[in-house]
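Novice: Put together the whole structure using the sequences plus the hints.
According to my numbering, the stretch in the sequence shown is residues 2 to 385, in order.
Check the hints yourself; a few may be wrong.
Said to hold, decoys possible - So the derived label-pair ranges between C-beta atoms look like this: (1) Tyr89 to Met366: 18 to 28 angstroms; (2) Tyr175 to Glu375: 42 to 52 angstroms; (3) Arg169 to Glu375: 32 to 42 angstroms; (4) Ala208 to Leu176: 20 to 30 angstroms; (5) Gly188 to Ala158: 13 to 23 angstroms.
Hints are computed from structural coordinates only; laboratory data are not their basis. Don't be surprised by glycine CBs; every beta carbon is placed ideally from N, CA and C.
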Amino acid sequence: PHFECDTDVLFLCVNRPGKCGTSSPPRNRNHDNNAASSSSSSCNDERRHIRTSCDDVVAILDRHDVRRANLLYMCAGSTFAYSFASRYPNRTTGHIVGIASWVLRSDPSSEVVSNCNDATTTATATATTSEEDDGKEVVRGSTSKNFAVVVDNATIATPQYMHSLAHRMAMSGYLGPKRLLSSLVGGIAGSAASIFGYAPPSFVANAIRSEMSNDERIAFDERFPNEDGASEFAMLMKWIHDDGGYDDEVGARDANGDERRRCGSGGGDDADDADAAERDGVHDAGDGNARDCAVCLSAQQELGLVYRTDVPIQRRILLWHGEHDRMISVSGADYLASMMPNVTLTRVRGGTHQGVMFFFPEDVMEALNRISRETAVWNMEVSC
Numbered sequence: 002p003h004f005e006c007d008t009d010v011l012f013l014c015v016n017r018p019g020k021c022g023t024s025s026p027p028r029n030r031n032h033d034n035n036a037a038s039s040s041s042s043s044c045n046d047e048r049r050h051i052r053t054s055c056d057d058v059v060a061i062l063d064r065h066d067v068r069r070a071n072l073l074y075m076c077a078g079s080t081f082a083y084s085f086a087s088r089y090p091n092r093t094t095g096h097i098v099g100i101a102s103w104v105l106r107s108d109p110s111s112e113v114v115s116n117c118n119d120a121t122t123t124a125t126a127t128a129t130t131s132e133e134d135d136g137k138e139v140v141r142g143s144t145s146k147n148f149a150v151v152v153d154n155a156t157i158a159t160p161q162y163m164h165s166l167a168h169r170m171a172m173s174g175y176l177g178p179k180r181l182l183s184s185l186v187g188g189i190a191g192s193a194a195s196i197f198g199y200a201p202p203s204f205v206a207n208a209i210r211s212e213m214s215n216d217e218r219i220a221f222d223e224r225f226p227n228e229d230g231a232s233e234f235a236m237l238m239k240w241i242h243d244d245g246g247y248d249d250e251v252g253a254r255d256a257n258g259d260e261r262r263r264c265g266s267g268g269g270d271d272a273d274d275a276d277a278a279e280r281d282g283v284h285d286a287g288d289g290n291a292r293d294c295a296v297c298l299s300a301q302q303e304l305g306l307v308y309r310t311d312v313p314i315q316r317r318i319l320l321w322h323g324e325h326d327r328m329i330s331v332s333g334a335d336y337l338a339s340m341m342p343n344v345t346l347t348r349v350r351g352g353t354h355q356g357v358m359f360f361f362p363e364d365v366m367e368a369l370n371r372i373s374r375e376t377a378v379w380n381m382e383v384s385c
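Specialist: What follows is the structure in structure tokens.
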């Protein structure tokens, strides 16, 4: 989409760990694949994946001398955006823009114990930390905003049919253990670049067009007309999913203090990259899609991200969601908007999940311009 702003705007698009050739944090090798999905201890790897993603963003912000940033996400990026706002509230401007949000389910079988970031009050209590609690201070039964609070499950219950049937079956365990299923989905997603590179361009274009509404198909045909347009689109999809090399690399450290980086230089063959990964201590490279899938299949309680209590109050959250989204129904977007204050939800008439992401509604661009101007002035004021 075309973006114009009166001020210089820097878009930082961050690859999550294990995607596009980047390294991942080490897995918990003692993890029990058959552990009950309702147990928070069964989501240590997912929590670590989220934590590492947030830490990577901080490293990149520091690299570019950015004190605070607006957050823009699409689809599965929602969990990582809200987690970043929760973990690093001092590195955000308090503005979040979300497109076609993935919404985490609520697990009614789990006790809702969430950490609040508002430290305006104090309480006398004994706090404990553990790997299962992801390093957060947890005091069960405390009503202080310094510590965890217990929330009634009924107040955060998610709509019964907000996810697609396939996703509901996966979440229920009907399709197999979450870890195994995530690995299978991750493997398929990891092959997407090859599929887009070898499949006939018209097949790739038509496969995506078939999931769009009539209005979105018209916009698609205008942007990618005829066979040349289909070829351009197929190459674009291959580029999006490819694990290509990049010249500018930013180092970050994992929870153990070991440096994480890209695997190899991106210019060698697979064997060279594997040797470089082993030499540099890189862990589990290329499994980001599987980790993302496991995060999406988890519940708010499992990840320690209950929208109502864990996301700090933002200045403004602007959401856009297609009325014909078949992956996350608009009822899911309504639920997300009801869980946090200062949220404005715009229903995109005739919008689908893919179409809203491919073709931003015009008011999305207007909002990005407006927020960029406002935060540029605000940052100038706070720096004086």
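Novice: Does each hint hold? Answer for all of them.
Specialist: For each hint, the structure was consulted:
1. Roughly 26 angstroms separates the CB atoms of Tyr89 and Met366, a value that falls within the hinted 18 to 28 angstroms.
2. At roughly 47 angstroms, the beta carbons of Tyr175 and Glu375 sit within the given window of 42 to 52 angstroms.
3. Take Arg169 and Glu375: their Cβ atoms lie about 39 angstroms apart, and the range 32 to 42 angstroms holds.
4. Checked against the hint of 20 to 30 angstroms, the pair Ala208 and Leu176 passes, with Cβ atoms roughly 22 angstroms apart.
5. In this structure, Gly188 and Ala158 break the distance hint of 13 to 23 angstroms, their C-beta atoms being roughly 34 angstroms apart.
Hint check: a violation occurs at hint 5 only; the rest are consistent with the structure.
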